[in-house]
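Novice: Listed below are the residues making up each chain.
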Amino acid sequence: MQQQLRNRLRNGIIAAGVAVLAIAFAPIALRAQADCLACHGDATMTDSAGHSIAVDGQKFGQSIHGSLQCTNCHADIKSYPHPDKIAPVDCKTCHADQASLVSGSVHASASDHPCTSCHGVAHYIFPKDDPRSNVYPLNVPKTCGNCHGNADMAKQHGLPNVYPLYMDSIHGFALSKEGLLVAANCQSCHGSHNILSHTNPQSPTYKSNVPKTCGNCHAKIEADYEQGVHGKAVAAGNLNAPVCSDCHTAHAILQPTESAFRMQSTPICGNCHKDKFSTYRDTFHSQLGSLGGYVETARCWDCHGAHDVRPASDPASPINPANLVTTCGRCHAGANLSFVQYQPHANAHDRKLSPGLYYVRLFMNLLLASVLTFFMIHTILWLIRSRYSQVKSKASNGGKNA
Amino acid sequence: MPDSERTEPKTEAAATAPAPGPGPGRYFVRFTREQRYMHAALFTSFLGLAATGLVMRFSESFWARKFAAGVGGFGAILFFHKFCALVLTIAFLIHVKDVFQRGVMHREKGIFWGPTSMVPSWNDFKDLFGHMRWFLGLGPKPKFERYAYWEKFDYWAVFWGMVVIGFSGYAMWFAPFFAHFLPGWALNAVLVIHSEEGLLAILFIFSIHFVNTHLRPDSFPMDLVIFTGVESEDEFKQKRPLEYQRMLSEGKVESRLGIAPPLWLLNFSKVVGFTAIFIGLTLLVLTLTAYFH
Chain R
1 MQQQLRNRLR
11 NGIIAAGVAV
21 LAIAFAPIAL
31 RAQADCLACH
41 GDATMTDSAG
51 HSIAVDGQKF
61 GQSIHGSLQC
71 TNCHADIKSY
81 PHPDKIAPVD
91 CKTCHADQAS
101 LVSGSVHASA
111 SDHPCTSCHG
121 VAHYIFPKDD
131 PRSNVYPLNV
141 PKTCGNCHGN
151 ADMAKQHGLP
161 NVYPLYMDSI
171 HGFALSKEGL
181 LVAANCQSCH
191 GSHNILSHTN
201 PQSPTYKSNV
211 PKTCGNCHAK
221 IEADYEQGVH
231 GKAVAAGNLN
241 APVCSDCHTA
251 HAILQPTESA
261 FRMQSTPICG
271 NCHKDKFSTY
281 RDTFHSQLGS
291 LGGYVETARC
301 WDCHGAHDVR
311 PASDPASPIN
321 PANLVTTCGR
331 CHAGANLSFV
341 QYQPHANAHD
351 RKLSPGLYYV
361 RLFMNLLLAS
371 VLTFFMIHTI
381 LWLIRSRYSQ
391 VKSKASNGGK
401 NA
Chain B
1001 MPDSERTEPK
1011 TEAAATAPAP
1021 GPGPGRYFVR
1031 FTREQRYMHA
1041 ALFTSFLGLA
1051 ATGLVMRFSE
1061 SFWARKFAAG
1071 VGGFGAILFF
1081 HKFCALVLTI
1091 AFLIHVKDVF
1101 QRGVMHREKG
1111 IFWGPTSMVP
1121 SWNDFKDLFG
1131 HMRWFLGLGP
1141 KPKFERYAYW
1151 EKFDYWAVFW
1161 GMVVIGFSGY
1171 AMWFAPFFAH
1181 FLPGWALNAV
1191 LVIHSEEGLL
1201 AILFIFSIHF
1211 VNTHLRPDSF
1221 PMDLVIFTGV
1231 ESEDEFKQKR
1241 PLEYQRMLSE
1251 GKVESRLGIA
1261 PPLWLLNFSK
1271 VVGFTAIFIG
1281 LTLLVLTLTA
1291 YFH
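Residue numbers (my numbering), protein chains in the order written: chain R, 1 to 402; chain B, 1001 to 1293.
Careful: at least some of the hints might be erroneous.
30 Å max Cα-Cα, derived DSS-like pairs, lysine-lysine [stated by the list, open to error]:
(1) 128(R) / 207(R)
(2) 1141(B) / 392(R)
(3) 155(R) / 177(R)
(4) 276(R) / 1141(B)
(5) 1066(B) / 392(R)
(6) 207(R) / 59(R)
(7) 352(R) / 392(R)
(8) 1143(B) / 392(R)
It is worth saying that the hints were derived from the structure and are not from the lab.
So here's chain B without its partners, still in its complex pose:
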């Protein structure tokens, strides 16, 4: 999940950055190593949850039965689903701990408000409307800060989704325990909540997040910044001009500089990224065929 910016990103890239100064070959750090690992943990466990969850949700479709038979029946599927759920839960708790530590304990600036925060602001609504006006040719393209409104939505959708899906999932996993403080009908409701919210997450990530972040013309075929952590100066300037300007005016160019990603990292990122997108789109097609069957 995207996280709030660290004001002083510590990356291996920053240490060996070339001398600061204007130039076309400069790369800037957008995500720290921890954030990239967090995203990797998030999307691998999410793909695992989606693949196994969809099989359960659409268990009467032919592909679900074939898949179940192939991996050793439902027992194997449920085991893998719960395993991925634990991985994702741990990642979520680490993130919450991280935000709490930085925002509350260390009183780090920019976590809960300001241009680098994930918390929605009035500007985000203005950007949304401005962006829509631009879509229709009614106004100029808005200039975005570090996190644009759709990126914040992605973050909060995932945040809310993990709370809701996680809670309802654990309520089913440990139903007799949860029954101590949940009414009986809630045990029925948690399956509806879990499967609908899961379906929403799957449809949203595999269609809207994929297109908004990776497949749209400005980033096509994939935005590798979440894998490499850095992006070119051109891209930075074009995609988030406000953040770029702020960086210049605050004189933080040097601290944001990174190095060009090595070839192996680019290739590795492409393999991982395209695999994830391929799996996601396959699951999307299967979901849609099962849903409208």
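Okay, chain R solo, but in the shape it has when bound:
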């Protein structure tokens, strides 16, 4: 009982001490801001050059730096009145880690890329999970788009004008229409302070790092990709093999089932697989497909798989002979063993590869050429002769047939 009373007393003394300290110091900090705001709180205040030097004290108080005194950042101001020209605030005094990352990035030039170009007006910086922050996930594209949505700036730096591409992409829609905080925004792939050029092997957008970068969200697809020929080739250092962005593009990523994507992606495979693309274009699949509006016709990955493309010899490949009936049967109900002997890449000009087709084509070509040539000559001679005798004899009926 005695002991309990003593503890309670001790706690009370500590609490009172804390309260006294708080009361003693808080008015000083408040008064320091209030001192500055006595002048700078006037929303119309400008410097001699006409720039606003007003601060909204209430908004500043809510910002991430709201608990700081003005002189914590404006350290060269010691007393009032202060000089007209004061030193620019250096963020790296506190944010040294971030500053050193930026100085190693593509945005290293401090005059072109001050911290405020992304984080917004210095007095109103909010935490990145606050919707008022310029770097809140849903605001990031607009923030980056201030520069990267500017066609002149893009041209000047030889960069693509990516902002409109991104905003129309599946990620952009997820972000802007659905407000999905997990949808990839600029910094999900590029990083934030330490953005590096895609030519830098350290960059998350360097070709061989792209699968891992996309895999941060698309983990299963990354795992599939690593099992396929393309993933293995890239892992082995062959940078000619495609990574995610080669087929899906980097910024203008479309929903893969969308007509536009199905239309644009087959030629992308054709960039490398030229002979296969050329023989594909001779087939009904391609003739149908290239008209658009009918996206169900087989494109490369409908048969070969998309992320884990495997050689036909691999039993897990959809084009392994044992799997063909299933694969073709996905579109062609009733596909049987004879049906899957169809050659989706037959070459009618290759006698060794497809002899039957070669001779059929040859016969048809000869038939076409001989019939048309013969009758073309026949008709032209006939025309000349009829006109000649018509003019000579004037015996024609003048075209009055009926």
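Mind docking chain B on chain R? Use the hints.
Specialist: Chain B alone, transformed into the frame defined by chain R:
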């Protein structure tokens, strides 16, 4: 398609024919109403097949994509192609049934041989060479019977074309079914056959048939006999003197007489005919530009 002559053509024209006798205003029946309807079914479905088929064949050309986008994409094109194919198939089967019935069941004369038959004869080869000699000024113009050699060629080209294009088309339409009795490579071959034979038909009809039958000086700008069914005595005599002579010697003038086509039929025929020729020539130009692009 031109058909074998009916020995006793039954037309509405024959019933109200003027009194037989020589005269400049007489008209003779060449095609029966059934034959004219058959030709109409044939060329309308053929134009539909050609327009949609060419779009598929040259799907990478700008006009094909514009056309496809305009009609609602490839699904609409394939649907229309198959629809026209069914119409043409039915017309073909009716014709085959008709020939079989008349030639085999009823033992009608002149279907499989003789001057009125569509079957090529030795005379046709002689006519071909004679005609070519005349082109070059080496001989007299041959006298033709009811169906000249180029008309027979047109008939058989279309006949063969329909069998080949039809079979290959249905083999693609019902590929899994045809795969039960066709080897795998044949499924590749049917597209080559279908598109090459289709191209041949299109190029042949829209250039050679159009010129031989309609645009050549003797018929320019269009031979309306396939639409009206009748032609003037002058034209009959001049174009097919042998048939004309045979008709006189067999004393069948009366049964062949028709009436002058009414104005509405002439105008209707011209509108339909010129529309068909215009569509055909447009498709021909598009085909040639795509082919040599």
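Novice: Tell me the hint numbers this structure goes against, listed in increasing order.
Specialist: 4, 5, 6, 7
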